[in-house]
Each structure stands twice: as C-alpha cells, then as structure tokens.
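Heads up: the sequence lines are chains Y and X, in that order. In case it helps, our numbering puts the first sequence at residues 1 to 89. In case it helps, our numbering puts the second sequence at residues 1001 to 1393.
Just so you know, the hints here were simulated from the structure itself, not pulled from any lab data. Mixed in with the good hints there might be a few duds.
Stated by the list, open to error - Partner residues are not named here, just some residues of chain X that face chain Y (Cβ under 10 Å, in silico):
{"id": "1", "residue": "1127"}
{"id": "2", "residue": "1162"}
{"id": "3", "residue": "1181"}
{"id": "4", "residue": "1183"}
{"id": "5", "residue": "1187"}
{"id": "6", "residue": "1248"}
{"id": "7", "residue": "1276"}
{"id": "8", "residue": "1297"}
{"id": "9", "residue": "1350"}
{"id": "10", "residue": "1354"}
{"id": "11", "residue": "1355"}
{"id": "12", "residue": "1358"}
Built from N, CA and C at the ideal position, the CB exists for glycine as well.
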Amino acid sequence: MTAVRIPPTLRAEVGGERQVEAHGEDVRGVLENLIERYPALALQLFEDGELAPFVNVYLGGEDVRTLDGLETTVNGKSLILLPAMAGGS
Amino acid sequence: MASYRDLLNRTKAEIEEIGTTDARERAASSEPPLFLDVREREEWEEGAVPGALHVPRGQLESRIEGLLPDRSREIVVYCSGGSRSAFAAKSLAELGYENVASLTGGFTDWKRSGFDVETPVTLTPPQRARYSRHLLIPEVGEAGQQRLLASRVLLIGAGGLGSPASLYLAAAGVGTIGIVDADVVDDSNLQRQIVHSTERIGEAKVLSAKRTIEALNPDVDVKTYEERLTSENIERILGDGWDVIIDGADNFPTRYLVNDASVWHDIPVVHGSIYRFEGQVTVFTPQAGPCYRCLFPTPPPPELAPSCAEGGVLGVLPGIIGSLQASEALKVLLGIGDTLQGRLLLVDALATTFDEVSVERDPACPVCGEHPTITEYIDYVEFCAGVGRPVGT
C-alpha cells in the first residue's frame, strides 16, 4: 500500500480525506488504482494519458518527472499530489 | 612591576607585525587578509581601511568568535598607531587565531601613505537602538543592517501574505518597500490582513499599508502602486529597481506575469500561496534555481481550478506563510543561510506538519530553459480568484 497525500484543492474528489492508501507497483499503477475508486480525480491528474502539466506528483519528496515519470517504482515511499495553488490574499 | 612600555614591548615580541606597505600589497593579492579595526567607534566613523571589520578593542574577545569563526583566516589587525592592535593580536592568538599580524604604524601610517580609506556609513543612534537585536546577530550586524536599509523589496499584493511580510520587512528596516495592489480594504479582509484596520475600510490597500508601515518604522520609504499588475504596467513598475519580489498574489495570471518578468529582469521571487489550512513557500532565483514555470509550466484550466466559493483560509495561515516569505527575503538580501531555492515547503496548519519537496530547474522550461518558447508576456484572462487561461485558447 502506498500512502497518497491529497492536497486541499482535490479533497472534494476523495470524500474529504487528507491522505488515502492505494495499490500499485509504479506511480501510474497507484494513481490508476486511486482513480478507480475516485473517478473524479482523473481529470485533475491526467491529460491524454500523461500527467497533466498543472499537477506535480512527488515520490519521497522528489518530482516523479525527474525520476522515471509515471513508470517510477514506488518502493514503499509515499506520494504527494500537488496541483498549482494561487491564493495569497 | 612592569611599566606600560615594558608590557607593550613584551607583547610586540610575542606577535607578528606587518608594515603598511606590505599590508597594502597583501590587500591587493588574490587572497586578501581580513582587516580588523579595533579602534573606538568615533575613530572608525572618521575613516577606515576599505572592507575592514570593526570590533572595538574592549569587545574583541567576547565578539570575535561569533563574527569570525574561521580561525585559519589571515587577519591584519590595526588601531591608530599599532599599540592596541598589538595587544589585540596577542589576544587573538590566545583565542586560537593562527594567522594574525598587527599593523605597525596603524591607520595613521596607512592614511599618511596615501592608501585607500573609506568613511563607513554608520547607523544613527536611534537606528542603533531600533535595530540593536539585529546588530547582536553576527550574520546581520551593522553591515547587514546597512544593507537592509539600502534594500528594495516589491510586494505583489497587500493582502493576506503581503500584510505580515510588509510589516516584518518594514520592522527589519528594509529601506524601500513597494506595494502593488488595486483593491480597497473590505471588512472581510480584516480576519487575516493585519496591516489594515477597521477604520481603513474603504481605503486603498496600498495607502492603508503605507500608513501602518510608516507608523511602525519611519526609516522605510513606501512606494505605492494602486493598480493591478498587468503586462501593460509591469515593465514600468519593475523599472523602479527591486532586489527581491514577494509574490503574494491571489490569482494565476499575476503569478505567471511576475514569474516571467522576474526571469527576464533577473530578480529573485519569494513565492507563497495559501488555501484553507495549507500553504506553500519557495524561492525562485533566476538562472541559479528553478522558476515558477519549472514547477508548474501552465496554470490549470478554469474548470479544474478551485472556485472562489470553495476557498476560504484560516486567518493565521497567511501570518505563518507571509512571515516565512519575509524571513526568506531577508536572507536573500543579506546573502546568508540556505534559502528555500530548489525546495518547496508545504505547511499544513491543521495537522501541524512541515514537509518539503524538491523543485528542480527544468531544461525544457518555456521561460528559463535552454530554448525558451515564451519570450513576451502572456495575458491570462482571469475567470475568478485563482483561475485563468491564456487569451484565445
């Protein structure tokens, strides 16, 4: 099981949870498993089958784009989903 | 019983001495020594060796370790004539400083030889009192405080993040603070925007902030820009010259505008954003580190970004994030410590956790990458706070 941190802007899609658990060998597997349970996340995370440019996924604190992308093996590390957030006022 | 003369001669026999001509040659070398001025403040204020560190003789032993932890550093210690510096050199050797020489003839001989002299810019007595807690910190000190007083920070937004950031930067003595904001103070702002107050409702935020800052610290010159930052005015506003930008904007169009401009103008940006209980902070240093577009190349489409109605923020959260921004800005200005460059700090006030993820420079970044595809400002149309997309897409 991989722990996935859900940002506040995506919590409505996962029933308000701050963190959820998901199965998968690699990042893609974990995210797909998550989307099976929370289909509304799909639009927020993927664009044409790849990670959307306005969302970052960190595995053990590293941006998966700097690792092997969605094919990065999770190896028991936790994931953080992070879409851009603009608020400042 | 030894006389003063005996004591001085004995001390001089135990230390290294260097003549003014040799010292000047060392100063011009590729690895110049540190000149340490141990005279009294009044003497130092009248002129000193350029770049010298000033520590009065009476405070030398208690302060030098904090100011100069590297005991292998070559030091030329001087006073006016070479006597106080001889005793100082002996003390430094006893404290473990390995490479210390006392300047024979002292500053008097240096000046008489026609060598370079600078008149240190000094703090006024009220400033010495106001910033005394900064002066006690070796990493800030008088030189650092002077640097802050000569610094210019531009705040984008006088709202949740801009409030604490502007107050702390002003209190710290950042000499010029620019504020860009087109809004007026609204009663719904006061739950978090602490630079404003109830009596200011309806007043322009930039003017309200200016009044608060000037009341806090008369050393600060506040430049107000009562306008919304756009591609039309950003060049004019940045043209006033800024050392650091604090991004406390409340929408994507402004954040991308600030980012692109900061890369083209080579100005570091201290980024902060907030939503409900959570905030993010990082530092974008053009060329040296990633930019906002390395982190997020494009804003989310409006339909996927959180709507204004879903928003909300715990009042104290911008206090935490904006204060972190002020702290990072001060470090950037002073050139001290490790900033959040290359690291995005994630703060969760509900769980009270501080997490960090790494942010790397993207060689394919459309603005700061190897082959930039964005070379002029993009006006994203604002849909509502926090949402935007490029015009025509």
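A quick look at each hint next to the structure:
no.: 1; hint: 1127; verdict: 32 Å, violated
no.: 2; hint: 1162; verdict: 8 Å, holds
no.: 3; hint: 1181; verdict: 9 Å, holds
no.: 4; hint: 1183; verdict: 8 Å, holds
no.: 5; hint: 1187; verdict: 14 Å, violated
no.: 6; hint: 1248; verdict: 4 Å, holds
no.: 7; hint: 1276; verdict: 5 Å, holds
no.: 8; hint: 1297; verdict: 5 Å, holds
no.: 9; hint: 1350; verdict: 8 Å, holds
no.: 10; hint: 1354; verdict: 12 Å, violated
no.: 11; hint: 1355; verdict: 7 Å, holds
no.: 12; hint: 1358; verdict: 6 Å, holds
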